[in-house]
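Asker: Here is what each chain is made of, one letter per residue.
There are 4 protein chains.
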Amino acid sequence: MLRLGILGCGRIGQVHAQSIGQVPNAELVAVADAMPAAADALASTSGAEARAAEDILSAGDIDAVVIGTPTDTHFDLIQAAAANRKAIFCEKPIDMDVARIRACIDAVEAAGVAFMSGFNRRFDPNFAELQRRLREGEIGEVEIVTILSRDPSPPPISYIESSGGLFRDMMIHDFDMARFLLGEEPVRVQAVGAALVDPAIGAAGDVDTAAAILTTASGRICQISNSRRATYGYDQRIEVHGAKGLLKAENQLESTVELATEAGFRRAPTQHFFLERYAQAYVLELAEFVGAVLDGKAPTPSIHDGLRAQALADAADLALREARLVEVDLT
Amino acid sequence: MLRLGILGCGRIGQVHAQSIGQVPNAELVAVADAMPAAADALASTSGAEARAAEDILSAGDIDAVVIGTPTDTHFDLIQAAAANRKAIFCEKPIDMDVARIRACIDAVEAAGVAFMSGFNRRFDPNFAELQRRLREGEIGEVEIVTILSRDPSPPPISYIESSGGLFRDMMIHDFDMARFLLGEEPVRVQAVGAALVDPAIGAAGDVDTAAAILTTASGRICQISNSRRATYGYDQRIEVHGAKGLLKAENQLESTVELATEAGFRRAPTQHFFLERYAQAYVLELAEFVGAVLDGKAPTPSIHDGLRAQALADAADLALREARLVEVDLT
Amino acid sequence: MLRLGILGCGRIGQVHAQSIGQVPNAELVAVADAMPAAADALASTSGAEARAAEDILSAGDIDAVVIGTPTDTHFDLIQAAAANRKAIFCEKPIDMDVARIRACIDAVEAAGVAFMSGFNRRFDPNFAELQRRLREGEIGEVEIVTILSRDPSPPPISYIESSGGLFRDMMIHDFDMARFLLGEEPVRVQAVGAALVDPAIGAAGDVDTAAAILTTASGRICQISNSRRATYGYDQRIEVHGAKGLLKAENQLESTVELATEAGFRRAPTQHFFLERYAQAYVLELAEFVGAVLDGKAPTPSIHDGLRAQALADAADLALREARLVEVDLT
Amino acid sequence: MLRLGILGCGRIGQVHAQSIGQVPNAELVAVADAMPAAADALASTSGAEARAAEDILSAGDIDAVVIGTPTDTHFDLIQAAAANRKAIFCEKPIDMDVARIRACIDAVEAAGVAFMSGFNRRFDPNFAELQRRLREGEIGEVEIVTILSRDPSPPPISYIESSGGLFRDMMIHDFDMARFLLGEEPVRVQAVGAALVDPAIGAAGDVDTAAAILTTASGRICQISNSRRATYGYDQRIEVHGAKGLLKAENQLESTVELATEAGFRRAPTQHFFLERYAQAYVLELAEFVGAVLDGKAPTPSIHDGLRAQALADAADLALREARLVEVDLT
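Sequences listed follow chains A, B, C and D, in order. Using my numbering, the first residue of the first sequence is number 1, and each one after it goes up by one. Using my numbering, the first residue of the second sequence is number 1, and each one after it goes up by one. Using my numbering, the first residue of the third sequence is number 1, and each one after it goes up by one. Using my numbering, the first residue of the fourth sequence is number 1, and each one after it goes up by one.
It is worth saying that the hints were derived from the structure and are not from the lab. Mixed in with the good hints, there may be bad ones.
One copy or two, either will do: identical chains are not told apart, so a pair holds if it fits within one copy or between any two.
Stated by the list, open to error - With a Cα cut of at most 16 Å, we get these calculated EDC-like pairs of lysine to aspartate or glutamate:
| # | residue 1 | residue 2 |
| --- | --- | --- |
| 1 | Lys297 | Glu109 |
| 2 | Lys244 | Glu262 |
| 3 | Lys244 | Asp198 |
| 4 | Lys244 | Glu141 |
| 5 | Lys248 | Glu141 |
| 6 | Lys244 | Asp151 |
Working from the sequences, and respecting the hints, build out all of it.
Answerer: Pasting the structure below:
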């Protein structure tokens, strides 16, 4: 049995609390939030105890922490958790600054604690199946990875302002997916972007529509495109073109019902947003973390995966701002 | 080179004239119609000569006739064509009366002329591929055949009145398709029907919505359903459930374009009606006729196929009217 | 809070125990089975108490019973539960004999207890959405209902022998679905069937491949086809043709991953069997029961729905055995 | 009636000869080829006369020429045709050198003759419908255009060597499609590529797998990816993400037949290659040319469209070779 504490009782903390309830051998002992009311609320629905974060970090009855607090608090919490020898599950991004992520790696490795980066999409059953079949060689060597990722609607401007920008907040998931699928590290990044959805996003110094191309040393290509708005729902598609064929994973629609009229054939929109689409992925992600820690294995994606996705996001941001190709070294 | 004459210059005669223009080794020499203006019109667009029907039947420069006149004229034209040793392509139904069809068989077999029944759907590339793969054993023994067949909108009541009823006018195509796919002759027919689309069709003694079940001696099942109206276009689907799997042929849509909005994903309606959907089938059907006659082979579907489909239509009509299962013997 | 007891700890009892765990305001208090080991096993995984069936029926701490025992025990359990004023959820079929079902109706109505028949498919989110949109008039008046329902592989012969036959054991679900969708009671039944999958099923006096046509007084048609074996998985499709269009609900596939190679485009098989396909439906079904009982409302489908589906199954069985159309009166 | 001559009787010349036969008001008078046998062969199947190219260019009985010769001959033929006041249809690319294309523009505009660039894909009924609906505002302002374009297998190395490279030979079609769909001129080009399919293509100085990102002044994005090899056939897909939704055009498959087995659901491969996929497009393209010339209108795509696509191909080639973003000015 792994005894867990959750730091941060916002939306993602609540998701993880629910997941822990569905994972065998996992027990949610305590939750903490800077706003006591939030901690109390999650405590009451989950049956856990509300405690102060520092008490969770130092608790003798807790083996692992799930960090779902604002990004700028991750660094200190990781340091403290490592110092207290807790296994750590941390939401992406680990930190906005790769130098500080490296410092986290040092702390985690020095303490010898398990660390898992929260890239939930690797655990989507469709994407996971696609990647497994890819690794089994079903379509031979990977040549072109295409990732389309679009949100139903943009977040509030206040969120945008502290998000680190689209590449670090949104496309970072796709950078991780690119690494998951390419089978080689990207070495070059090109990126474009504009504020086409909402000029206020542009005024805040960010873009809402963007694309990137990554290439690996052997010439494999990954294309990514993002939009902060898709009228038809949460659009999450990947496809991989290989030497022997193509593997693709389509969106999941809200239902299988189809209507035929003189206007044609109409199917349901995609599942609305990430909480619906990745409901299963969140549970499987926590199960991977819990299982790995209990078995004494290193969970995946690792802290290095978190660092590398962040480095790609930084490179894309630079490529856009300087209108040039940027080389990266993720080794 | 096969030299052809067309009898009947209405819609279907025009389709066949166009098809002949696309079939190698086929030449349309002359056309005839009870209305001289219709014959002249088709003559001018096809480059053929307008002649009287009897002149076509006795012509020395014509090897084969395509009969596309009203059903009640078929009998005499077949007798005359056989007497004049012309190869015969005749639209369905050969005649409304199976006894008279048997008389046509006698005349055709006595004269030793080639005869092909006009069941165009066997030549639809999708249905033909499905049937070929079925015969090649791709899904093992046939168990359940499902045929859905729906027109975009009902014909005029005047047409209904002289049509012989839905089973002989519309479902006859599906009875032929059932025989094409089942791999055994049906021995029992059950049928239901009602005028749900237009009460005037009911007042004319016919139904516009109907279904039938056929069974073969070994227990294979074919389900058919028909409607005279489908708002989304011409609906023509078949599927065959076999011991090793399922083969199905879907509708062809007007385009591959799909629209995604908050209302979901919308594809195009089906191709509008039989002239669009079966455009290729009509050409391939004539090519089969021309090729078989030139090679001295018996074209398929034969005059016996025409008889059997009519017998099934009669049985279904009786089954509906007497509210009972009807046994048929097609051997 | 509704306090429940489960009678019968086999596969379906276990499914309901899990469902109760996911339904708010529902508490599983006790479970019973003729085999004490089965009751103990379910008690331990569900946290409920193992008791004797008679103790559950008379318990003061239990408000409702879920009956998932063999069919021939339903009658006595329903009588006892009604006498003890327990709300009753009973798996289909209520009984093999409609006269005995009528006696159950008398007992249930005399006692004034809630009763729900276990037709889980009405709660499949896709089928439920389709039916809701139908009732909202999205495609106008219903004209043709088509139901395709196929199991991945046949049950053991021992099961077949005590099943009451395909129409009462398997197609009964489709008869209920037909009633759910048609919007009118069927008045005529025709049916065909054969043992095409396994001759041993025929030797046991049953069929494994079957079809039926139901018609209503106004002429609406429902076509159903069943097979005990589908190599590609559990096939559960419905479509409804109406005056203004078509509504269909497709199968749910195991994943959205598609492979393209020189052999074409290959998607996943359907979800394997009813436990996977109807996982959500089982929870929603129990939630309906619990919610209705707590709110003092009559749950749907009712005991009368159970009776009517059984009457249609009897009629289809008779239609097959006597090779004739059978009239039914479900009012 | 427009009287045409074809220059170049290779594969594409033969396609255009067939198309002319299906276009009303068009007559193929003569054909020419550097290899007399090729001209004779096409003359005999098309019913046209075989002549020398210079005789076609100066002929009094010819109004328009269709240029389908090797690219390095286009320049002289265009000059001669303009001097002889023939309307000109010229296959892409007009010339490998944009300066020489500009000289062609001067000649064509000085002579006042009609000129159409052979970008057949604009006439694919699916792509044309998509673009029309885009222009009608169905999805609002264009934001992201995604074009996936893959050949079934690479051409011979000898072809590669004289092709001008993937961007000018293959992706040029996609650059034209990008301009057709974006609704604004691209101003920046980034590109990547590698020889992943065949090292011999790399040894010949070319790539066989490539991607590009174009952006317009207002920030619209177009992503393109190409491969010289797709095991599943000729892959030609486009999708456009706009403010109000998404429009996509899928591949056309060889048939609508689908097979279901324990391996899942398998549909047909895509239509094999461009002759099959764009058969209709080639006819519609010629019809546009013939119609425009007869009506005295300027046909589209124009010679300027040919220039601009070539300029984008040059920019992409430069972007790849210099590993940098390249600015272009197409105004």
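Asker: Please name the hints from earlier in the document that this structure breaks, with their numbers sorted from lowest to highest.
Answerer: none
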